[in-house]
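*Asks:* Position chain B against the provided structure of chain A, taking the given hints into account.
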Amino acid sequence: MFRIRFHGRGGQGMKAASRILGNAFFIEDYEVQDAPRYGAERRGAPIFAYVRAGREPINERGIIRHPDLVIVADDSLVPVPGAGVMSGVDARTVILINSEESPQVWKQRLNFEGHVFTLPVETADRAELRFIGATCVGAAARLLGVIKRESLAEAIRQELADLGSDMVEINLSKALAAFDSMQAEEGRVTPAVTESAADYRPPDWIDLEFEDARASAPAIHAGATSVEVRTGLWRTLRPVIDHDRCNRCWWVCSTFCPDGAITVDSEGRPQIDYDHCKGCMICVAQCPPHAISAVSEQDAQAEEAEVAST
Amino acid sequence: MSKTQTKQAPVSEAKVTVYRRMKDLPSTHLLGSGTAMCAGCGGLEALHEVYDVIGAKSIFVNAAGCMTLLSVYPFTPFRGSWLYTAMASAPAGAQGVRDALDILKQKKLMSAEEDMEVVVLTGDGSAYGMGLSSTSGAMERGLDFLYLCYDNEGYGNTGQQYSGATPHAARTATSKGEHGFAGYKKDLFSIWTAHKPAYVATVIGTEPLDLARKIEKAKSLKGPRLIIAMAPCPTGWNFDPQHTVEVGRLAVRTGIWPLKEYVDGNVVHTKVPHERVPVEEYLKLQGRFRHLFEPQRDETMLAEIQARADAYWDGVTQ
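Top line first, the protein sequences correspond to chains A and B. Number 157 in numbering that gives the first Met the number 0 belongs to position 158 of the first sequence; there are no gaps in the numbering. Number 163 in numbering that gives the first Met the number 0 belongs to position 164 of the second sequence; there are no gaps in the numbering.
What the hints contain is simulated information worked out from the structure, not anything from laboratory work. Keep in mind that this is a model prediction, so the values were computed, not measured. Heads up, some of the hints might be wrong.
Claimed, not checked - Partner residues aside, some chain A positions facing chain B, computed with beta carbon under 7 Å:
| hint | residue |
| --- | --- |
| 1 | VAL228 |
| 2 | THR230 |
| 3 | TRP249 |
| 4 | PRO257 |
| 5 | ASP258 |
| 6 | ALA260 |
| 7 | ILE281 |
Claimed, not checked - Far from chain B by the CB rule (all over 10 Å, computed), these chain A residues:
| hint | residue |
| --- | --- |
| 8 | PHE1 |
| 9 | ILE57 |
| 10 | GLY81 |
| 11 | PRO102 |
| 12 | TRP105 |
| 13 | ASN110 |
| 14 | ARG148 |
| 15 | ASP203 |
| 16 | GLU210 |
| 17 | ALA212 |
Backbone N, C-alpha and C define an ideal beta-carbon position, used for all residues, glycine too.
Isolated chain A, as found in the complex (with noise of 0.2 Å):
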């Protein structure tokens, strides 16, 4: 059985991508189930999708711990511990990351000496955000060499079917060109042995003492707690004020922030908080003198940690 395992944001499509793949596998007959896991996440917070396919029935449930391929969408997802894009990797499981990092620079960063594979996807432009699903679904088809092309075509074909001819026409084309690219790599995903119930062994608990409620589950006594929740870390654009072309006008972009991420200085200024912007870029759009321009989240991160460095 193979186990795979999607790694992206709301609104990539890691959702109807997990779906394609399903479907492919289908199509070639195989056993399937494709499941995206639902929580609190939305639009670009972390999320999660799972596709098991075997010849046998599947009675394996639930997420998938010990993936044989996983596919990461976002490369900025790897170093957020609530993605938890490494979690139960080991040497055989092969890793397709969007990035355009080199797979050398990953393999040491990640200290991972088993394959991977990237996609240099252009996401500077938000639009073309969408289709990242598509790419790497072709991609991973190709990895895991059981799927026909024509099968991974009529799949898209079937799963995207409502969002109209053009489209569907855009997404074939970008799998499909990902599929021919990993020519080279064909099956390079192998399916893990399915264990036996008979050799499952539990893991190591350790019993915790049963605390009364109060202990466990206190009263909150102050507000405006969920400023603990870092949503920055959503963000792929990064929302920079030019403070010379700012002319302090009525706070447009702090009053039409969702988040309450702007604030406005005694004197006018507007300064943005990014540990909890999630980069909507409504301000950008809205700033009466344009001083506010959006850049990559990467971008302004890698320069940062140069000035940091220096």
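*Replies:* Below, chain B alone, put in the same frame as chain A:
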């Protein structure tokens, strides 16, 4: 039990608003950052503007919906308490909270200054559908509360299935056919005003001054006060989150979302778009209406939607 009598809407003299111009809008905000709402959420935009006016002395009673995820233990963006109810029963929950506060006051366990505003917060799925009966009951009993509905025209929290608020022709997860949603958006404003509550208004986060004045007025009144905030939804309506404000402005300028209020038995339009932009300018920004433009324009449907907007405004005399 404390008695909440059916109250007649007090005759409101034209009060001087503290929100005369944009610069009067708050530049610091009460609602905490770090919530799980989507980037660019039009509902959260409206809520944070509303919360600045309502203030921290408030208790939110929240029906199931996207905004259930505002307060996930141990995190909350509110400065006061929050109660979570089932989808249909937020106004009933508000009755309990209001009664409890009244009893505390009666028993002198709480001073009048410590009293709080009870605010129901629900999406359109609850407001236009499942929760309509308990809302009707609360108005019947003259419950002193504020109701804020964030209307993103579908069950957004579960993947945008259609609701009673979904507009004609919109594609949703449960209206994927060639022509989109076959039904029509319910006129919740009229359903609510038919109960003759103290106050009803429509707002949108992209018109913050109009919104602030209405919440200010609602706050000055007693009895049932109900607000519908149209909430442009990047995820459910399928547009880039940076366009939330643009979509909202066009909803007003095309006449699709009339800004109005009901007080003392009269409906007043607070922002009349005198030269209405054609509705297609609003529709074409959103993926849920893409089938009206691609692969070819659906002139019949576009004309129908335009005619409905025109007919609405033809009936407005002021």
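*Asks:* Against each hint, give a clear statement of whether it holds in the structure.
*Replies:* We went through each hint and held it up to the structure:
no.: 1; hint: VAL228; in the structure: holds (4 Å)
no.: 2; hint: THR230; in the structure: holds (5 Å)
no.: 3; hint: TRP249; in the structure: holds (4 Å)
no.: 4; hint: PRO257; in the structure: holds (4 Å)
no.: 5; hint: ASP258; in the structure: holds (5 Å)
no.: 6; hint: ALA260; in the structure: holds (5 Å)
no.: 7; hint: ILE281; in the structure: holds (6 Å)
no.: 8; hint: PHE1; in the structure: holds (27 Å)
no.: 9; hint: ILE57; in the structure: holds (25 Å)
no.: 10; hint: GLY81; in the structure: holds (12 Å)
no.: 11; hint: PRO102; in the structure: holds (30 Å)
no.: 12; hint: TRP105; in the structure: holds (27 Å)
no.: 13; hint: ASN110; in the structure: holds (32 Å)
no.: 14; hint: ARG148; in the structure: holds (26 Å)
no.: 15; hint: ASP203; in the structure: holds (29 Å)
no.: 16; hint: GLU210; in the structure: holds (15 Å)
no.: 17; hint: ALA212; in the structure: holds (12 Å)
The structure meets every hint from the earlier list without exception.
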